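Engineer: The residues making up each chain are set out below.
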Amino acid sequence: MSDALIELAELGFAWPGQAMLLDIPAFRLERGETLFLKGPSGSGKTTLLGLLGGVHTPQHGSVHLLGQNLSELSFAARDRFRVEHTGYIFQQFNLLPFLSVRENVELPCRFSRRRTARAVQRHGSVAQAATQLLAHLGLTDPALLQRRADTLSIGQQQRVAAARALIGQPELVIADEPTSALDSDAREAFIQLLFAECRAAGSSLLFVSHDQSLAPLFDRHLSLAELNHAARPASPEVS
Amino acid sequence: MLRAVMALLLLTSMSLSAAELKEVSWEALIPPDAPKLTPQMTPMHDLADIGTTLVEAAPAVHQQAPDAPVVQALDGQQLRIPGYIVPLEVNEAGRTTEFLLVPYFGACIHVPPPPSNQIVHVTSAVGVKVEELYQPYWIEGPMQVKASTSDLAQAGYQMAAAKIYAYELPD
Amino acid sequence: MYLLRLALASLANRRFTAFLTAFAIALSVCLLLAVERVRHEARASFASTVSGTDLIVGARSGSVNLLLYSVFRIGNATNNIRWDSFEHYANNPQVKWAIPISLGDSHRGYRVMGTNQSYFEHYQYGRRQSLQVVQGRAFQTDPFEVVLGAQVADALHYKLGDKLVLAHGVAAISLVKHDDKPFTVVGILARTGTPVDRTLHISLGGMEAIHVDWKNGVPARGAGRISADQARNMDLTPSAITAFMVGLNSKIATFALQRDINDFRGEPLMAILPGVALQELWSLMGTAEQALFVISVFVVLTGLIGMLTAIVTSLNERRREMAILRSVGARPWHIAGLLILEAFALALVGILAGMALLYLGIACAQGYVQSNYGLYLPLSLPSAYEWSLLGIILAAAVVMGAIPAWRAYRQSLADGLSIHL
Chain A
10 MSDALIELAE LGFAWPGQAM LLDIPAFRLE RGETLFLKGP SGSGKTTLLG LLGGVHTPQH
70 GSVHLLGQNL SELSFAARDR FRVEHTGYIF QQFNLLPFLS VRENVELPCR FSRRRTARAV
130 QRHGSVAQAA TQLLAHLGLT DPALLQRRAD TLSIGQQQRV AAARALIGQP ELVIADEPTS
190 ALDSDAREAF IQLLFAECRA AGSSLLFVSH DQSLAPLFDR HLSLAELNHA ARPASPEVS
Chain B
497 MLRAVMALLL LTSMSLSAAE LKEVSWEALI PPDAPKLTPQ MTPMHDLADI GTTLVEAAPA
557 VHQQAPDAPV VQALDGQQLR IPGYIVPLEV NEAGRTTEFL LVPYFGACIH VPPPPSNQIV
617 HVTSAVGVKV EELYQPYWIE GPMQVKASTS DLAQAGYQMA AAKIYAYELP D
Chain C
75 MYLLRLALAS LANRRFTAFL TAFAIALSVC LLLAVERVRH EARASFASTV SGTDLIVGAR
135 SGSVNLLLYS VFRIGNATNN IRWDSFEHYA NNPQVKWAIP ISLGDSHRGY RVMGTNQSYF
195 EHYQYGRRQS LQVVQGRAFQ TDPFEVVLGA QVADALHYKL GDKLVLAHGV AAISLVKHDD
255 KPFTVVGILA RTGTPVDRTL HISLGGMEAI HVDWKNGVPA RGAGRISADQ ARNMDLTPSA
315 ITAFMVGLNS KIATFALQRD INDFRGEPLM AILPGVALQE LWSLMGTAEQ ALFVISVFVV
375 LTGLIGMLTA IVTSLNERRR EMAILRSVGA RPWHIAGLLI LEAFALALVG ILAGMALLYL
435 GIACAQGYVQ SNYGLYLPLS LPSAYEWSLL GIILAAAVVM GAIPAWRAYR QSLADGLSIH
495 L
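Chains as they are written, first to last, in the working numbering: chain A, 10 to 248; chain B, 497 to 667; chain C, 75 to 495.
No lab work stands behind these hints: they were computed from the structure. Please read these numbers as outputs of a predicted model, since none were measured by experiment. A portion of the hints provided could be inaccurate.
Which chain C residues face chain A? A few, computed with CB under 7 Å, are given here [stated by the list, open to error]:
1. Tyr76
2. Ala83
3. Asn87
4. Arg394
5. Ile398
6. Ser401
7. Val402
8. Gly403
9. Ala404
10. Arg405
Which residues of chain B face chain C? A partial, calculated answer using Cβ under 10 Å [to be verified]:
11. Pro583
12. Val586
13. Glu588
14. Gly590
15. Glu628
Simulated restraints, written as ranges between beta carbons of each label pair [to be verified]:
16. A:Leu153 / C:Leu455: 44 to 52 Å
17. C:Leu389 / A:Gly147: 29 to 37 Å
18. A:Thr160 / C:Arg393: 18 to 26 Å
19. B:Val622 / C:Gly465: 22 to 30 Å
20. C:Ala430 / B:Glu664: 42 to 50 Å
21. C:Arg79 / A:Arg131: 42 to 50 Å
22. C:Phe93 / A:Thr160: 20 to 28 Å
23. C:Ala430 / A:Pro25: 51 to 59 Å
24. C:Thr383 / A:Gln221: 30 to 38 Å
25. C:Arg481 / A:His219: 28 to 36 Å
26. C:Ala362 / B:Val622: 22 to 30 Å
27. C:Thr215 / B:Asp529: 49 to 57 Å
A virtual CB, placed ideally from N, CA and C, is assigned to each residue, including glycine.
I would like the entire structure built from these sequences, with the hints used as guidance.
Structural biologist: Next up, the structure:
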């Protein structure tokens, strides 16, 4: 039980004054596992990611991250816990445009001592961690690292976002439609790079997307519609 | 620092005990046996009297009590007296460092001036910032009394003020 | 403080707006400081102009008016007073010294004052400082000698021995000059920082001499003209002067003598205590000063509200920025702190720029203000009072920054991790 990275049990969540949005009896994500979660927008995907990050608390049930029940933590502690153990990649506009590429990658270390320590332990310094991660993701030119983040192409920006999510080896990487803005040839290449880095860091990858064609690349694939009982159309009870 | 504080405490206690500060009224500055002077009450803007003042034969408006008698006993005493400030010297910081203290406000143009034993010539190194001429002040310090000696030296009261502070009505 | 680096980088990204905001604050701060400085210097310079004079006597007008024209050379007398009235009081046993003065002429905009030797002996300014003749000497028997105030000599580049012509009236451009009777510069006074510097001093005899052939307010022509040499040989005792200053043997006699002068039956005279008249002048100015100060404060407030508006407006376009920061681990109070730091940085830059503008302004205008208004604006460091004003402005800016900070705090809580477009 405590081995799992994420464990949801009897999770129920509804926005105030609305019908039950999420009703998930059980869900597990193992350490080092890559999971493809199919969930179109509006299906409660964003809310689920928020619950996993400790941004919201469920009405009933529990969310365990690394064995820690998130509901037991205070708001500030949950914030801290999230950044120490989770890295995020969004669909687009991941980066602060007025900072350099390097500074963007180093951001999580500014707010988390644990990730700084782990980055230093693995790469020697935060700066070197950033350089090496970017190199692994195909961005080797040192001049590029000094440029403003908004001068890069979309594909390059997504890779920078990936490096940022991975710096300091968080145990969990959540990627929310990271390839939707890329063209199809670039998608698979990006995912392979992501897999390689996650494996090297020992991080789990939770990849949410509507593009079913990518599913076979992952260890496991699920659909939020199956997972979420509240999304099922009303039908006679199935035991 | 501590030594300075101790010295300050010692000084203030000494000055408080050594010289008992006596509060006086303006009446006390007039010797009890002085002849009673009827003050000339003709204000300058009383047009009805212009006739008398312009006529050559009319008696000249005399100087008010040029050598009014002083109370010699007050010389050297630590006194506290309230009055209005008529500035004589003002320094660059806007503080009045030399002034005449008078018993009533308006002792300038319209009203007969007070006699010389109802005026104190005060000097102060620190000075006081006089915002309004109609604000009365308490003056504390050693009174010096100069009796009339010659035609040139005027008899009167002088003081080098130790403390000057505003006079507030008790609530 | 990485938060500061983020705040500055974010501001630099919006540098045009940030520049305008800081500039608005700079202008308003400069205005406030300038108003306060001018006010302070004006007061100090007025206070230090006359010292040791017990009474000033002139024709009956208003006390502030008499003070202004006799001491500050501002405005004009309504009437002259007779020479024998002056002599009557100069001989009064209570009076230690009396200085007669006569006004009404000028030289290229600077006032000419007729007086006698007792002016150089007894006139004092500041803290009982006497006048010093730094070059040459005071005027003596020849009526056509002039002693210049320091500023007149500097501005018009006069030196000892130069000849100059006085004009009638006090305008800067004179149409009627006494050019048949030029004056020679025999002395230059040390700088006093008072209107004495802007005055040309001639003897009363000289004043009489240049008007001796003026009948009915116009210079005589032809046979009526009297040359300079002819004038020298005439009796040049004045018949009238503008005012006189009095020093007494005992200050306690002040009121009595003032009353005596006010009641003088020879002609309508008025005696004022310079200290009291100055106080009256200040209470007149006081209301205007306070009004100016209040207006300046409101201008600063307007500048700060401009800053507040700029930051609040930017919040919407920066929601993504905030969400990204949240996603990499910034807590909500980090976000709030970011905005307060922005307000602080903008206000600080504005204040420093305002001070720079002030010093630049003073450096440029110093000479002009001194020669036209006799006011010396020093390029000194800010006083304790000015520092406290600036401190209050900075604190106000930080407090104002709390408003968008609070909004951003709430927004970032509500947004969670979703990045709205």
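Engineer: Next step is simple, just say for each hint if it's right about the structure.
Structural biologist: To see whether the hints hold, each was checked on the structure:
1. Tyr76: It holds, given that the least Cβ distance between C:Tyr76 and chain A is near 5 Å, below 7 Å.
2. Ala83: holds, 5 Å
3. Asn87: Since the shortest Cβ distance to chain A is 4 Å, the answer is holds.
4. Arg394: holds, 6 Å
5. Ile398: holds, 6 Å
6. Ser401: With Cβ-Cβ at 5 Å, under 7 Å, it holds.
7. Val402: holds, 4 Å
8. Gly403: C:Gly403 check passes; min Cβ-Cβ to chain A is 3 Å, inside 7 Å.
9. Ala404: Cβ of C:Ala404 sits 6 Å from chain A, so the hint holds.
10. Arg405: holds, 5 Å
11. Pro583: holds, 3 Å
12. Val586: It holds, given that the least Cβ distance between B:Val586 and chain C is near 5 Å, below 10 Å.
13. Glu588: Holds, about 4 Å.
14. Gly590: With a minimum Cβ separation of about 6 Å from chain C (threshold 10 Å), the hint on B:Gly590 holds.
15. Glu628: holds, 7 Å
16. A:Leu153 / C:Leu455: 44 to 52 Å: The hinted range 44 to 52 Å holds for A:Leu153 and C:Leu455, with Cβ atoms some 48 Å apart.
17. C:Leu389 / A:Gly147: 29 to 37 Å: holds, 36 Å
18. A:Thr160 / C:Arg393: 18 to 26 Å: Because 22 Å falls inside the window, the suggested range holds.
19. B:Val622 / C:Gly465: 22 to 30 Å: holds, 27 Å
20. C:Ala430 / B:Glu664: 42 to 50 Å: About 44 Å separates the Cβ atoms of C:Ala430 and B:Glu664, which means 42 to 50 Å holds.
21. C:Arg79 / A:Arg131: 42 to 50 Å: At roughly 25 Å between Cβ atoms, A:Arg131 and C:Arg79 fall outside 42 to 50 Å, so the hint is violated.
22. C:Phe93 / A:Thr160: 20 to 28 Å: holds, 23 Å
23. C:Ala430 / A:Pro25: 51 to 59 Å: For A:Pro25 against C:Ala430, whose Cβ atoms are near 53 Å apart, the range 51 to 59 Å holds.
24. C:Thr383 / A:Gln221: 30 to 38 Å: violated, 49 Å
25. C:Arg481 / A:His219: 28 to 36 Å: holds, 34 Å
26. C:Ala362 / B:Val622: 22 to 30 Å: holds, 28 Å
27. C:Thr215 / B:Asp529: 49 to 57 Å: Given a distance of about 56 Å, which is inside 49 to 57 Å, the answer is holds.
In summary, the numbered hints that this structure violates are 21, 24.
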